[in-house]
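A.B. asks: Sequence:
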Amino acid sequence: MGQWHFESVGFQRLVYLWVAGVLMGALAFSCGEQNDRQDGDGNDSETNSDSDSDADADTDGDSDADADTDSDSDTDADTDSDSDADTDIDTDTDADTDTDTDADTGKDTVTEAGNDTATGTGNDTGTDTGTVIDTGTESDAPVDSESDTVTDTASNTESDTDTVVDTETDIGKLCPEGSTNDECQDGCSFRVDAEAVAGGDGQTWETAFQYLQDAVDAAYDAVQSEASNTCQVWAKNGSYFVYESSAAAALTLRSNVHVYGGFAGTEVLAIQRNPGRYQTSIDAQSKGRAVMCSDLCGEGTILDGFRITGGLTKENGGGMLNIASNPTVRNCHFIDNVAQFGGGMYNDNASPIVTACTFEANKTTTPALVCDEDVSGDGMRGGDGAGMYNAGGTPRIENCKFIGNETSEGGQGKNCGTIAEPSGGDGGYGGGMANYQSSPVIKNTVFEANMTGDGGTGHAGAAGYGGFGAGMYSQESTVVVTNCLFTANVTGNNSDDGATAGNGAGMSIWESDVYIYNTTFYNNLPGTTKWFPGKGSAIYVLDGTLQLVNSILWDELELSAEKVEFGTHLITSILEISYSNVKGDYEGTGNIDADPLFTDSTNGDFSLQEDSPCIDKGDNAEVSAEADLAGNTRISGGTVDMGAYEFQ
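Note that the sequence shown covers residues 188 to 835 in the working numbering.
Hints may be right or wrong, so weigh each one.
Stated by the list, open to error - Here are the simulated BS3-like pairs of lysine-lysine, each with C-alpha atoms no more than 30 Å apart in a straight line:
no., residue 1, residue 2
1, Lys501, Lys360
2, Lys630, Lys601
3, Lys588, Lys804
4, Lys474, Lys360
5, Lys630, Lys588
6, Lys630, Lys804
7, Lys474, Lys630
Hint data in this document are derived by calculation from the structure and do not stem from the laboratory.
Given these sequences and hints, build the entire structure.
C.D. replies: Right under this line is the structure:
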């Protein structure tokens, strides 16, 4: 019994211990499960530091910590990770040059450690669509959430790309103390406004002259009275119809009077004007030529910043006529002017300086044939020099463009009773420019898509030639051409089987001395007829001297295999071609015959690719210009390149 009792007691104790263990285990499991339910993941260490790092992806660069590019990276243990990807495009207008609509100081800082606290006072408005809400006290709305979308309403108002100075520009930077720039002087000046009330004196914008000629005359009178060595005319933007003015004639320029266009009507110095934005036109409305500079227009005359249009005359110089004078013409656009010679400009023993001007869509006319006892009946030749005609003098043309100018076609032959078979007249010569007994210097200028007229039909006789020199024609002249481009110029044709097309699409030289440096000829087209196609796609020389160095003569036209046509009198023509790329090959020092590898000739980019055979193949001894046609440094790499553009 005792033994059984002892064993029973031991067994009973074991049972008790086992039951107690089970009960304690169950209790522990129950408590753990309860804790797990509180944590949500069975891990009792929730950090929930909610490091809401408002990184603010403002492009304004001011380290804004607004709620713009909130990227709530809540490091809850449940792996919540708000990555707010706002597409904020702020262009702040704060005092620190930010253009944000926030009124913040540009130095918002956010310090977060579970409680968002922003020191900025911004007022970005956003559209929050998130479901995880910050518990911080960030004062910059909106409340952070999963996908904040913030849209700034600020806009960039500084998008002026004009190359001419705007009226808001700091004058001090443009006119430093001691500046001698004429446009920085605040002395003698007269204002003109096409919409002004008649009777003004031009001393202020409120009392501006109504007519441009009145302002020019007043300025000239001030110079003559020795009130000033020079005087300026400021023309507010608008159209000045010269034949409706008090003078009812072409605008006549005067010595030592500087006429500027492109004003808004608020400026205090000429340097503040902006011709690119405020277009100012001199319009002749086809009633006569537009501008004239002659006996009272000598040294010190400036015309700058005008669109010159509507000139029409049966004489010379539709847009502008310069007689024995030397004006400076800058930043002007001669467009849609017509004359017998020099549709855009005619220089008669004048030596103007023409800079940064465009001559576009100007034309010449053909005089009518009137039969009398002294007339054979042959058709009259078309007018020459649609863009510009130089007769005597030494004009200087730089950084200009001659585009789409066209000479007139030759006149039709008539039976005037003196000959049985009168012929048609030639088309006009020199679509872009014509030079006669003059010495122009042309630099950094483009001749593009100019044309000469067709030959006129005969009266039972031969038709006339198509005009010569679509880009440029020179006769009995000395011409220097540097860093220029001749492209897509076309000489005249004629449908008559017996006619001869025009020669020298790029340039025609007759009894002249022409010196060409670093110039590119491409895709110029001489005229075509059934029997007598034109000669000289690039250049045609007849009884003249041509020196061509560091240049490119290249195109893909089948109508003119030779890019240089030397005319029919080779013995009297002197040709010196060297260090140039001539398609079809031409013997001479340094010459090559290889594709120049233009960057994109189809779209008018004639710069050189890096593997062009024209790079470093020129002659430095024949370089006088410091910059190429694009304004880049002319010699880059030790040796000058061929053509108008230097590889950089």
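A.B. asks: Given the proposed pairing of Lys474 with Lys360, does the C-alpha separation stay at or below 30 Å?
C.D. replies: 44 Å, violated
A.B. asks: For the pair supplied as a hint, Lys630 and Lys804, is the alpha-carbon distance within the 30 Å limit?
C.D. replies: 21 Å, holds
A.B. asks: Lys501 and Lys360 were given as a pair; does the straight-line alpha-carbon distance stay at or below 30 Å?
C.D. replies: Distance ~48 Å between Lys501 and Lys360 Cα, so the pair is violated.
A.B. asks: Are the Cα positions of Lys474 and Lys630 separated by 30 Å at most?
C.D. replies: 33 Å, violated
A.B. asks: Is Lys588 within 30 Å of Lys804, Cα to Cα?
C.D. replies: Given pair Lys588, Lys804 holds - Cα atoms ~27 Å apart, limit 30 Å.
A.B. asks: Does Lys588 lie within 30 Å of Lys630 when you go C-alpha to C-alpha?
C.D. replies: 11 Å, holds
A.B. asks: Quickly compare the C-alpha distance for Lys630 and Lys601 to 30 Å and report which way the hint goes.
C.D. replies: 43 Å, violated
The earlier numbered hints that this structure contradicts are 1, 2, 4, 7.
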